[in-house]
Amino acid sequence: MKKLLVFVLVLVSVAALVTGCAGGGGSSKKIGLAVSTLNNPFFVTLKEGAEAKAKELGYELIVTDAQDDPAKQASQVDDLIQKKVGVILLNPCNSDAAATMVEKATKAKIPVISVDRGVNGAEVLSHIASDNVAGGKMAGEELIALVGEGAKVVELQGIPGASAAIDRGAGFHQAVDGKLNVVASQPADFNRDKGFTVMQNIIQANKGIKGVFAHNDEMALGAVKALEAAKLTDVVVIGFDATDDAVAAVKAGQMKATVAQKPALIGSMAVETAVKKLKGETVEKSIPVPLELVK
Amino acid sequence: MRKLSFNRSKYGALAGLIGLGALLSILSPSFLTLSNIMNVLNQVSLNGLVAIGMTFVILSGGIDLSVGSILALSGAVLASMLKGGMPQIIAILIALVMSAVFGLLNGVFIATFNLQPFIVTMAFMTIFRGSTFVFTQGRPITGLGKQGIFVAAGRGDIAGVPWSGILLLACLIITAFLLARTVYGKTIYAIGGNPEAARLSGLPVKTARASVYAVSGFFAGLAGMVLTSRLDSAQPLAGQSYELDAIAAVVLGGTSLSGGRGFMVGTLIGAFIIGILNNGLNLLEVSSFYQQIVKGAVILLAVLLDRRK
Numbered sequence: 000m001k002k003l004l005v006f007v008l009v010l011v012s013v014a015a016l017v018t019g020c021a022g023g024g025g026s027s028k029k030i031g032l033a034v035s036t037l038n039n040p041f042f043v044t045l046k047e048g049a050e051a052k053a054k055e056l057g058y059e060l061i062v063t064d065a066q067d068d069p070a071k072q073a074s075q076v077d078d079l080i081q082k083k084v085g086v087i088l089l090n091p092c093n094s095d096a097a098a099t100m101v102e103k104a105t106k107a108k109i110p111v112i113s114v115d116r117g118v119n120g121a122e123v124l125s126h127i128a129s130d131n132v133a134g135g136k137m138a139g140e141e142l143i144a145l146v147g148e149g150a151k152v153v154e155l156q157g158i159p160g161a162s163a164a165i166d167r168g169a170g171f172h173q174a175v176d177g178k179l180n181v182v183a184s185q186p187a188d189f190n191r192d193k194g195f196t197v198m199q200n201i202i203q204a205n206k207g208i209k210g211v212f213a214h215n216d217e218m219a220l221g222a223v224k225a226l227e228a229a230k231l232t233d234v235v236v237i238g239f240d241a242t243d244d245a246v247a248a249v250k251a252g253q254m255k256a257t258v259a260q261k262p263a264l265i266g267s268m269a270v271e272t273a274v275k276k277l278k279g280e281t282v283e284k285s286i287p288v289p290l291e292l293v294k
Numbered sequence: 000m001r002k003l004s005f006n007r008s009k010y011g012a013l014a015g016l017i018g019l020g021a022l023l024s025i026l027s028p029s030f031l032t033l034s035n036i037m038n039v040l041n042q043v044s045l046n047g048l049v050a051i052g053m054t055f056v057i058l059s060g061g062i063d064l065s066v067g068s069i070l071a072l073s074g075a076v077l078a079s080m081l082k083g084g085m086p087q088i089i090a091i092l093i094a095l096v097m098s099a100v101f102g103l104l105n106g107v108f109i110a111t112f113n114l115q116p117f118i119v120t121m122a123f124m125t126i127f128r129g130s131t132f133v134f135t136q137g138r139p140i141t142g143l144g145k146q147g148i149f150v151a152a153g154r155g156d157i158a159g160v161p162w163s164g165i166l167l168l169a170c171l172i173i174t175a176f177l178l179a180r181t182v183y184g185k186t187i188y189a190i191g192g193n194p195e196a197a198r199l200s201g202l203p204v205k206t207a208r209a210s211v212y213a214v215s216g217f218f219a220g221l222a223g224m225v226l227t228s229r230l231d232s233a234q235p236l237a238g239q240s241y242e243l244d245a246i247a248a249v250v251l252g253g254t255s256l257s258g259g260r261g262f263m264v265g266t267l268i269g270a271f272i273i274g275i276l277n278n279g280l281n282l283l284e285v286s287s288f289y290q291q292i293v294k295g296a297v298i299l300l301a302v303l304l305d306r307r308k
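Here the protein sequences line up with chains A and B, keeping their order. Each step along the first sequence adds one to the number in numbering that gives the first Met the number 0, with nothing skipped, and position 198 is 197. Each step along the second sequence adds one to the number in numbering that gives the first Met the number 0, with nothing skipped, and position 187 is 186.
It should be emphasised that the hints constitute simulated quantities derived from the structure, not laboratory data. Mixed in with the good hints, there may be bad ones.
EDC-like cross-link-like pairs, simulated, lysine to aspartate or glutamate; straight-line CA separation at most 16 Å [what the hints assert, rightly or not]:
1. A:83 <-> B:284
2. A:294 <-> A:140
3. A:103 <-> B:156
4. A:261 <-> A:50
5. A:276 <-> A:59
6. A:151 <-> A:122
7. A:29 <-> B:284
8. A:106 <-> B:156
9. B:145 <-> B:156
10. B:205 <-> B:195
11. A:83 <-> A:59
12. A:28 <-> A:50
13. A:261 <-> A:291
14. A:209 <-> A:227
15. A:28 <-> B:284
16. A:224 <-> A:244
17. A:284 <-> A:122
18. B:145 <-> A:102
Some chain B residues near chain A, calculated using beta-carbon distances under 10 Å [stated by the list, open to error]:
19. 27
20. 30
21. 34
22. 115
23. 117
24. 141
25. 284
All C-beta atoms, glycine included, are put in the ideal place defined by N, C-alpha and C.
Using the sequences and the accompanying hints, generate a full structural model.
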């Protein structure tokens with residue numbers, strides 16, 4: 000116990016000494032990027048895009064990886080606050096758990112920009128994510144070009160209430176309403192199995208389907224299997240997300256297209272927005288990042 | 000002889016902590032600031048609390064892999080009680096008693112049927128994690144209130160000192176006293192050092208063996224409360240692999256994995272070594288991929304040095 004006491008005393012005195020010398024504010028040339036996980040290629044690409052942009056603009060980017068653990072992310076955000084970064088780019092592991100992190104950063108007068116996923120329950124400076132509405136519209140326009148106006152098509156929807164499902168569906172309908180005949184719009188919960196069974200049921204109920212738009216690739220691939228089983232291989236299928244499986248299916252001709260998010264662009268726009276803020280310019284509350292069609 | 004080796008491992012852990020602290024202070028100007036020390040204290044509190052319970056178990060010659068799952072389950076139950084509008088203090092007490100009971104389940108199986116602690120606690124790790132998923136339906140529980148003792152536990156501070164850190168230090172003092180100065184503590188050392196001799200000398204071996212898992216469960220529950228407060232939500236995946244960090248802290252602190260030898264203050268030092276390492280590597284902007292390698296290497300090195308005596 001005595002040794003511990005001595006140790007604590009030493010630590011405290013050294014601490015006092017060093018704090019005295021180490022004063023001096025943080026540099027506003029530093030930007031923190033708290034990534035949810037670097038185990039997912041999507042976020043690795045996002046990080047690389049951010050790094051490239053930071054280098055180009057002459058800012059230092061500090062990246063942390065929470066490995067999908069919100070508790071770890073909370074610690075890492077604390078560490079970024081200690082580093083006195085100018086802006087924190089937060090890609091939350093979980094939108095609900097991120098609120099306390101944002102509150103803490105805000106208390107330390109460090110603005111937070113949410114990246115790819117939003118924050119529930121706390122105000123952020125700006126939110127940067129893919130423009131799902133534009134992506135849905137893009138898919139709809141492609142479908143019109145492939146099947147011709149007036150054709151019968153099917154929409155496989157994502158989990159009811161999920162923001163991706165709402166936005167992608169809204170964009171799709173902006174493009175196709177009045178131009179295509181959407182004979183069925185049913186949820187298949189972003190799930191391949193459900194995409195298969197829901198599509199099978201729709202095939203039973205409707206003849207002459209020319210095209211399918213699924214809110215994600217998993218459902219699109221399920222639909223492809225259902226169409227194959229029904230020997231309807233000339234039906235156009237368009238998915239969303241550009242997963243590896245889907246891109247392979249596009250190459251093999253089983254799907255006609257899939258909408259790809261651009262993680263590198265999300266990362267680079269996040270850094271751009273942070274730099275704008277550091278330069279004292281105003282930034283938009285919500286910044287949609289464009290998508291592209293893989294076909 | 001025993002006394003001597005005891006002191007040496009104490010020195011080893013302390014020297015490691017001081018050395019690491021000194022190194023990081025030189026390397027990073029943000030490290031040794033008052034606000035960062037409080038930051039580390041706050042971060043260490045989670046692993047520290049779990050590791051306190053783990054020390055009891057390891058001293059008794061056992062191991063507890065279920066702590067992370069107990070943490071998640073009790074956090075989820077606590078969150079749902081709070082969300083239901085139960086008074087915070089009552090909800091917290093219920094959650095803590097429940098955590099101790101969850102832990103005791105481990106102990107009952109281990110002591111009564113003389114089963115391997117590794118296997119029993121691994122089984123309960125899975126059972127409690129599954130129960131957490133069932134209870135939460137796989138979704139986080141949020142919206143837990145904006146003030147009160149619960150909020151203070153994970154997010155509050157007094158004059159800049161986080162309550163979670165104060166909680167950790169208070170628990171440390173109580174448990175260090177319990178281990179070093181009471182019959183119960185001596186019994187735990189005895190059954191870890193030589194269970195046969197402990198039994199022959201009339202000590203309640205079975206009861207003591209079972210009880211350490213209740214202690215471990217209780218502290219996991221306490222950490223669950225702090226974490227739930229810190230994130231203002233209960234996460235179904237909370238506490239995953241916390242058992243490994245806790246075991247690492249205990250071992251870094253000089254407690255023998257074979258039981259019977261070790262001390263509570265060492266565990267705290269071990270937890271701080273891990274915490275400072277995490278914090279320092281972040282401050283030094285070491286890539287997160289390398290961080291894991293460094294952490295593993297430090298643990299390996301510490302255990303190696305500890306063996307030399």
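Hints and how they fare:
For the hint pairing residue 83 of chain A with residue 284 of chain B, the CA-to-CA distance comes to about 13 Å; that is within 16 Å, so the pair holds. For the given pair, residue 294 of chain A sits about 13 Å from residue 140 of chain A by alpha-carbon distance, which is consistent with the 16 Å threshold. At most 16 Å may separate the alpha-carbon atoms for a hinted pair to count; residue 103 of chain A and residue 156 of chain B meet this at roughly 12 Å. Straight-line distance between C-alpha atoms of residue 261 of chain A and residue 50 of chain A comes to about 15 Å, which keeps the hinted pair within the 16 Å bound.
Taken as a hint, the residue 276 of chain A and residue 59 of chain A pair is honoured in the structure, with Cα atoms around 15 Å apart against an allowance of 16 Å. For the hint pairing residue 151 of chain A with residue 122 of chain A, the CA-to-CA distance comes to about 44 Å; that exceeds 16 Å, so the pair is violated. The hinted pair formed by residue 29 of chain A and residue 284 of chain B meets the criterion: a straight-line CA distance of about 11 Å does not exceed 16 Å. For the hint linking residue 106 of chain A to residue 156 of chain B, the alpha-carbon distance of about 13 Å falls within 16 Å, and the restraint holds.
Restraint check for residue 145 of chain B and residue 156 of chain B: satisfied, since their Cα atoms lie roughly 14 Å apart, inside the 16 Å limit. Between the alpha carbons of residue 205 of chain B and residue 195 of chain B the distance comes to roughly 12 Å, so the proposed pair stays at or under 16 Å and holds. Between residue 83 of chain A and residue 59 of chain A, the direct Cα distance comes to roughly 12 Å. Compliance with the 16 Å bound is thereby established for this hinted pair. This hinted pair checks out: residue 28 of chain A and residue 50 of chain A have alpha carbons roughly 14 Å apart, not beyond 16 Å.
A hinted pair counts as satisfied when its Cα atoms are at most 16 Å apart, and residue 261 of chain A with residue 291 of chain A qualifies at roughly 7 Å. For the proposed pair residue 209 of chain A and residue 227 of chain A, the alpha carbon gap of about 14 Å is at most 16 Å, so the pair holds. Only pairs whose Cα atoms come within 16 Å are accepted, and residue 28 of chain A paired with residue 284 of chain B is accepted, the gap being roughly 14 Å. Between residue 224 of chain A and residue 244 of chain A, the direct Cα distance comes to roughly 13 Å. Compliance with the 16 Å bound is thereby established for this hinted pair.
Straight-line distance between C-alpha atoms of residue 284 of chain A and residue 122 of chain A comes to about 10 Å, which keeps the hinted pair within the 16 Å bound. For the suggested pair residue 145 of chain B and residue 102 of chain A, the alpha carbons sit about 12 Å apart, so the restraint of at most 16 Å is met. Here the hint on residue 27 of chain B is kept, as its CB sits about 9 Å from the closest CB of chain A, short of 10 Å. For residue 30 of chain B, the suggested interface contact is upheld, since its CB lies about 8 Å from the closest CB of chain A, less than 10 Å.
At its closest, the beta carbon of residue 34 of chain B sits 7 Å from a beta carbon of chain A; the interface hint therefore holds under the 10 Å criterion. Checking residue 115 of chain B against chain A: minimum C-beta separation of about 29 Å lies over 10 Å; hint violated. Taken as an interface hint, residue 117 of chain B does not check out: its beta carbon lies about 24 Å from the nearest beta carbon of chain A, beyond 10 Å. Residue-level restraint check for residue 141 of chain B holds (minimum Cβ-Cβ distance to chain A is 4 Å; threshold 10 Å).
Interface hint at residue 284 of chain B: satisfied, since its Cβ lies 5 Å from the closest Cβ of chain A, which is below the 10 Å cut-off.
Hint compliance for this structure: hints 6, 22 and 23 are not met, and every other hint is.
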